[in-house]
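**Q** Please model the entire structure based on the sequences and the hints provided.
Protein chains in written order, with this note's numbering: chain B, 38 to 789; chain Y, 969 to 1283.
Because the hints were derived from the structure by calculation, they are not lab data. C-beta atoms are modelled at their ideal positions from N, C-alpha and C, and glycine is treated no differently. Hints may contain errors.
[What the hints assert, rightly or not] Partial pick of chain Y residues on the chain B-facing surface, computed with a CB cut under 10 Å:
no.: 1; residue: 1197
no.: 2; residue: 1205
no.: 3; residue: 1263
no.: 4; residue: 1266
no.: 5; residue: 1273
[Claimed, not checked] Calculated lysine-lysine pairs in the DSS-like style (CA-CA distance at most 27 Å, straight line):
no.: 6; chain 1: Y; residue 1: 1050; chain 2: Y; residue 2: 1007
no.: 7; chain 1: B; residue 1: 233; chain 2: B; residue 2: 782
no.: 8; chain 1: Y; residue 1: 970; chain 2: Y; residue 2: 1074
no.: 9; chain 1: B; residue 1: 782; chain 2: Y; residue 2: 1251
no.: 10; chain 1: B; residue 1: 705; chain 2: Y; residue 2: 1124
no.: 11; chain 1: B; residue 1: 786; chain 2: Y; residue 2: 1251
no.: 12; chain 1: B; residue 1: 197; chain 2: Y; residue 2: 1124
no.: 13; chain 1: B; residue 1: 356; chain 2: B; residue 2: 475
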Amino acid sequence: MKFDSAAGQNVIDQGRIVGKSYPRVDGPLKVSGLAPYAHEYHSDAPNAAYGVIVGAGISKGRITAIDTSEAERAPGVVLVMTHRNAPKQFGIGHAPPGGTGPQQDEKDGGGEKPGRHNKPQLQGPEVRHFDQSVAFVVAETFEQARDAARLVRITYAVEKGRFDLAAEKDKGEMPEDTPDSNVGNFDSAFAAAPAKIDVTYTTPDQAHSMMEPHASIARWDGDQLTLWTSHQIIHWGVDGVAGTLGIHKDKVRVISAYIGGGFGSKLMIYGDPILAALAARQLGRPVKVALTRPQIYNHTSHRPATIQRLRLGAGIDGKLLAIGHDVWCGNLPEGEAENAADQTKLLYAGANRLLRTRKTELDLPLGASMRAPGEAVGLLALECAMDELAEKLGLDPIEFRILNDTQFDPEKGPERPFSTRHLVECLRTGADKFGWSKRNPKPGMVRDGRWLIGIGVASAIRNNLVMASGARVRLSGDGVLTIQTQMTDIGTGSYTILAQIGAEMLGLPMDKVRVELGDSSFPQSAGSGGSWGANSASAGLYYACENLRNAIAQRAGFNSTDSQFADGKVSAGGRSRNLADVVGKDGISAEGKVEFGDLTKRFAQAAFGAHFAEVAVDSVTAEVRVRRMLSVCAAGRIINPQTARSQCLGGMTMGIGAALMEDQVVDKRFGYFVNHDLAEYHVPVHADIPDMEVIFLDELDDKSSPIKAKGVGELGICGVGAAVANAVHNATGARIRDYPLTLDKIMAKMAV
Amino acid sequence: MKPFTYQRAATPAEAARVAAEMPGSRFIAGGTNLLDLMKLQIETPGHLVDVNHLGLDRIEPTAEGGLRIGAMVRNTDLAADKRVRRDYAVLSRALLSGASAQLRNKATTGGNLLQRTRCPYFYEPSKPCNKRVPGSGCAALGGFNRNLAVLGTSDKCIATHPSDMAVAMRVLDATVETVSPDGTTRSIPIADFHRLPGDTPHIETQLGRGELITGVMLPAPIGGLHVYRKVRDRASYAFAVVSIAAVVAPGRARLAYGGLAHKPWRVEAAEALVADGAAAVAKTAFAGARTTPENAFKLPLAQRLTASVLADGKV
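**A** And the structure:
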């Protein structure tokens, strides 16, 4: 079904189950260890051999010699693969035979580059980044493979690489998909603005740090490959594997039923599924591969660093006159730009706007999407810059933001209104609940013993993306509804919310609904990425359920349009029948799918929020401890407040990490991320996480889908770090523009 | 992890003898550091001598009024011991500021003293490290060294010792008791136990081949206010950026620092200057410091900590 006009009143609006909190239906399986993760399908892959990837020890250059003899002789080793004996594979530009997924597979419904998910391994002596696969050792046990991997002797010719974004940034070019945005006349408006700031912020490379490492098991049955892997969007995984191996995608089955977190790191495949598949085919037995924690940092992807220059100019009335946001980022040639100016297009009014992104080539590991790519780091800069200008104007940071609210796309004008936008309500509600009025606007004034106390705020915006999504449903004779879709649950609650949609649509209790996810043999779905999963997958399921309702009504002899589904019964015209009786022992199945029209073009669609943070800064050591936080979100219908709240809490936690500690340190001599384990790459631990609260405003977005929902998973991180940084400034007077705000940087700028 | 053989020793002396006789031996106690390093092949012992079952797990009073802590006493148990909490609170506080509850349940007193540095280049086999591969060079000197040493360094190594416990033991003037392969025992003052890197950063302690730590002696209690302040980049589960173990009382102070050097750092001559304030103490305690642009902040930070602790103790 094409969703191309605003949704009317529908079954979801009755809110019998949708909109209520349910604990995760997969929770008991997970806490009891019964939910299998990719590496745990032991009985499906009997006699599996274990593979370990040997990563390049240099960051740029060529392999000049490679000696595998010692590794091959090591106990238990069954295969050592290098570029000399690896089968030929196909890179970006080569779609798998039989084509890729449907065209509507991109953010804005555009076409996609053929084979863009391909990741060929061991195809030549060239080394393009540190820990790139240079050999693959397979043995009877993991320990044997790991030991033998250390016996592969490689000689390199090292070439000079480009590892320093600041040094390379001026070579950057405008990315094809991120043209400059130039509205009005920024230069003259900025020059003439009575109040202005011109500040440069930097954000470092960051690691996704999900719990479950990338892992794959490959098993061949004839020419049919089954891959248990950890992947957020099943059909992208299928395309990547089929495309790389040059086989028809019908020959690849990908299963990712349970995923231990992704945050974007599992939107693409890396070495593990490809090498597992190649080795399993050659050996005629299943092969398992899990990346080690250190490998994840340099072998896979990360959120790329940015340099951001913000030039904001305002009148003495506090209205923004000029908004300039320049972003510099770097990546491998095939990597995308970090679009950190994205939110600046939409967040505030202002007639003169200049947004530019420049991407330069770096020889670091691949930069890619991490939770709210673009906004997460863009808001770290923009929302601090807004505070800087508010301070200059002598305005309250919240009032300054509210003054510059807009109800339409400020680039396109009133003809492109927001579908819904309750930023002001978020700010006002949060200010009231958080006690904003008690904030002392003068920095460094509030003390609690040794601690300096500060409060900060930031706006949040995350574009609402939508993606085609399908589902298959079946009501069986025992009255159980089974839902099948490729949609994944990466810890977000997909299993639970899809059960709620199914239960609502068919008038069933939750315990009569079974959800099966993450299998390419199911209908293609939106998958988990860009916060589009909950809304899009629910919408696809909605249409599948509508089709099922019609089929059931028809079988019951009812007029389908006025049939009611409730309490396990279908009723119409005063007659009522048990669903189980209607469907009979064979049951009834249906499929459905949502595709999206141009509503996202006609309307600016985004979720909004306001984040509040109170921090304490040790006046002696400059250590920062967040004391309490509040997020107020307006994100359309909240399908399940409990799972949505969990998403926000996770985002807030990650936002604290981005503000205070997360930093993949680049050794600019060698060109790799030095702190490549969880002891040295810091994410917040429990003791860093304070009292946190989340408030969802009542909102329905009838332009987003029949579900009227929007994403929250990424909204939860957007702006959080800036609220923390603004609170640190309020506490100490120190304005740090280079993230993360570590104690050494704060100490250097503290007044005492 | 390279294949290795394993045995349980029957007595401390036997453990020491076996370790000396079997080439490439290592003692294994809690294993919280050694096993990780073995998986990364930074440690590649051919033989492990398990010292967990030698009766070294008791905390006993000494005739001198102090405590003798068995080498196998777990960090959790040591931190929770009533006598330690009452008379040596700085030790308890230091222990509880380290690692996680799970790690402290396994980690031992002897093993804690022997943990290896957390320098990121020590952990990256593709990069030079004199500690990992003697003579290969030091990647940290010109690299990421924000959390590395500023005192007692050499041009071969700027690693720090990561222990919190050892810093408290240093301020308490503990002595390390050992048994050697020939059965003889000796006591090594904690001040001498760890070495500075010099030209041989891979040799980290005074222990001889096969010599086993059997316990740590704490002298009789000295009273005073016991403080352990650990500055770190997150609230828990992080190694110290700078830490201070202090026993302070009006007119006197003992001050030892972690995170600054290859060993717990204490300069007794500086303690004599507490009446002149933290700046005077720091000038003497940190004389000869060599910093990098990334880690230079550690000195003013340590001085601020010192001032704060002296103020807390009304010194």
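**Q** The structure should be examined with respect to each hint, and the outcome stated for every one.
**A** Do the hints match the structure? See the list:
Satisfaction of the interface hint for residue 1197 of chain Y is found here, the shortest Cβ-Cβ separation to chain B being roughly 8 Å, below the 10 Å cut-off. Nearest Cβ of chain B to the Cβ of residue 1205 of chain Y: about 5 Å, under the 10 Å cut. The hint holds. With its C-beta approaching chain B no nearer than about 9 Å, residue 1263 of chain Y sits inside the 10 Å limit, and its interface hint holds. Against a cut-off of 10 Å between C-beta atoms, the interface hint on residue 1266 of chain Y holds, since the closest Cβ of chain B lies about 8 Å away.
Look at residue 1273 of chain Y: its Cβ gets to within about 6 Å of chain B, closer than 10 Å, so that hint holds up. For the hint pairing residue 1050 of chain Y with residue 1007 of chain Y, the CA-to-CA distance comes to about 37 Å; that exceeds 27 Å, so the pair is violated. Under the criterion of a C-alpha separation no larger than 27 Å, the hint pairing residue 233 of chain B with residue 782 of chain B is consistent with the structure, at around 25 Å. Pair hint residue 970 of chain Y plus residue 1074 of chain Y holds up; C-alpha atoms about 23 Å apart against a cutoff of 27 Å.
Straight-line distance between C-alpha atoms of residue 782 of chain B and residue 1251 of chain Y comes to about 23 Å, which keeps the hinted pair within the 27 Å bound. A threshold of 27 Å between alpha carbons decides the hint, and for residue 705 of chain B with residue 1124 of chain Y the separation of about 21 Å falls inside it, so the pair holds. Note on residue 786 of chain B and residue 1251 of chain Y: the hinted pairing holds, with a Cα-Cα distance of about 23 Å set against a maximum of 27 Å. Our distance criterion of 27 Å between C-alpha atoms is met by residue 197 of chain B and residue 1124 of chain Y, whose separation comes to about 25 Å.
Distance restraint check for residue 356 of chain B and residue 475 of chain B: the Cα-Cα separation of roughly 25 Å lies within the 27 Å cut-off, and the hinted pair is therefore satisfied.
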